[in-house]
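*Asks:* The primary structure of each chain is shown beneath.
Number of protein chains: 2
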Amino acid sequence: MSLLSQLMNAFQILPGVGPKSAQRICFNLLQKNKDNAIKLADILKEACEKIGECQRCRTLTENDLCRICLSDKRNPSQLCIIETPADLMQIEQATDYSGTYFVLHGRLSPIDGLGPNELGFPKLIDILSKEPIKEVIVATNSTLEGQTTAQYIAQMCQKVDIKTTGLARGVPLGGELEYVDANTIAHAFGSREEY
Amino acid sequence: MSLLSQLMNAFQILPGVGPKSAQRICFNLLQKNKDNAIKLADILKEACEKIGECQRCRTLTENDLCRICLSDKRNPSQLCIIETPADLMQIEQATDYSGTYFVLHGRLSPIDGLGPNELGFPKLIDILSKEPIKEVIVATNSTLEGQTTAQYIAQMCQKVDIKTTGLARGVPLGGELEYVDANTIAHAFGSREEY
Numbered sequence: 000m001s002l003l004s005q006l007m008n009a010f011q012i013l014p015g016v017g018p019k020s021a022q023r024i025c026f027n028l029l030q031k032n033k034d035n036a037i038k039l040a041d042i043l044k045e046a047c048e049k050i051g052e053c054q055r056c057r058t059l060t061e062n063d064l065c066r067i068c069l070s071d072k073r074n075p076s077q078l079c080i081i082e083t084p085a086d087l088m089q090i091e092q093a094t095d096y097s098g099t100y101f102v103l104h105g106r107l108s109p110i111d112g113l114g115p116n117e118l119g120f121p122k123l124i125d126i127l128s129k130e131p132i133k134e135v136i137v138a139t140n141s142t143l144e145g146q147t148t149a150q151y152i153a154q155m156c157q158k159v160d161i162k163t164t165g166l167a168r169g170v171p172l173g174g175e176l177e178y179v180d181a182n183t184i185a186h187a188f189g190s191r192e193e194y
Numbered sequence: 000m001s002l003l004s005q006l007m008n009a010f011q012i013l014p015g016v017g018p019k020s021a022q023r024i025c026f027n028l029l030q031k032n033k034d035n036a037i038k039l040a041d042i043l044k045e046a047c048e049k050i051g052e053c054q055r056c057r058t059l060t061e062n063d064l065c066r067i068c069l070s071d072k073r074n075p076s077q078l079c080i081i082e083t084p085a086d087l088m089q090i091e092q093a094t095d096y097s098g099t100y101f102v103l104h105g106r107l108s109p110i111d112g113l114g115p116n117e118l119g120f121p122k123l124i125d126i127l128s129k130e131p132i133k134e135v136i137v138a139t140n141s142t143l144e145g146q147t148t149a150q151y152i153a154q155m156c157q158k159v160d161i162k163t164t165g166l167a168r169g170v171p172l173g174g175e176l177e178y179v180d181a182n183t184i185a186h187a188f189g190s191r192e193e194y
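Residue numbers (numbering that gives the first Met the number 0), protein chains in the order written: chain A, 0 to 194; chain B, 0 to 194.
Keep in mind that the hints were calculated from the coordinates and are not lab data. None of the values given here were measured: they were computed from a predicted structure.
SDA-like cross-link-like pairs, simulated, lysine to any residue; straight-line CA separation at most 25 Å:
{"#": "1", "chain 1": "A", "residue 1": "K122", "chain 2": "A", "residue 2": "L143"}
{"#": "2", "chain 1": "A", "residue 1": "K44", "chain 2": "B", "residue 2": "G15"}
{"#": "3", "chain 1": "A", "residue 1": "K122", "chain 2": "A", "residue 2": "Q77"}
{"#": "4", "chain 1": "B", "residue 1": "K19", "chain 2": "A", "residue 2": "N32"}
{"#": "5", "chain 1": "A", "residue 1": "K31", "chain 2": "B", "residue 2": "D63"}
Chain A with its partners taken away, still in its complex shape (with noise of 0.2 Å):
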């Protein structure tokens, strides 16, 4: 096979790449930008191996601990708990939230083979009991299965006696109600607010 089809095929492990696209980049990047193609090469290989999971949190670093679990200025009375590091991501674009993170890398899915230990829940109540935490928010997805695994970590927690909260839930901001689902608008709807 020539270097140009397994290039081809190599591309389309990206997610949401197929034939068609993986065909455009290699065109792309050996007729027009082929420093910057090498560019890419160099940090995909140095990131593969460097980069692993946080000792304390799990996120994603190139570091033993991340530069959150690092940080002096993170509260560390709280704890958020997410699903990914993405969803890491995206709290700490969105929100000003100033506390600490642990990351599941999944949801609690026993056909998948995902039980409390692949979540990482023995390092979670280690950090439960060590640290001065007062506060958990589990911001699990809010799928059935995220919803679960929030639920098992509520119980944790309680044994343990610190106050649990997860996200609120009801119609997006900037939604236009024709287009929210059924379940949404009936939990929304039930758990109406005063003005």
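Given the coordinates of chain A, assemble chain B onto it according to the supplied hints.
*Replies:* For chain B alone, kept in the frame of chain A given last:
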């Protein structure tokens, strides 16, 4: 800047990849696909270093001559001229054309600094004079610049008495008239064919 941020920036050189897709790609590769990502990095680097232009037809290849120019099964009396290696691949996949190719890597566009020399016309003239070519099929894009380029090539071929043809133009197969642009309709109407 963290290695992760560098990687996210690096991925944004890909056509059609913005900050959000780059983030998604990075997390996907680092969390689930590290082995394939390392392979991609290796192949990408090797491709950037080894892939260049075929010395005869100017398409992309890792060797001095591409697979098609090396083959003794191609018809040496037909030469198809296209703008890009992607166009070459399209014609190879869609047709049973068995002649050889010549890739311009662009179209005549003085404003972009693309003149006859940049498009390899000296090499093209050399091919036309040395090879037993009886028909040149000019398959440049059906744009103003592509057609200007085609005219230029047709004149060049006339001087050395070689027949020049272009792709038929009209309504696309399977296209609904309602969505075909007015220029195409006008051309197709004027050049209507008898059943």
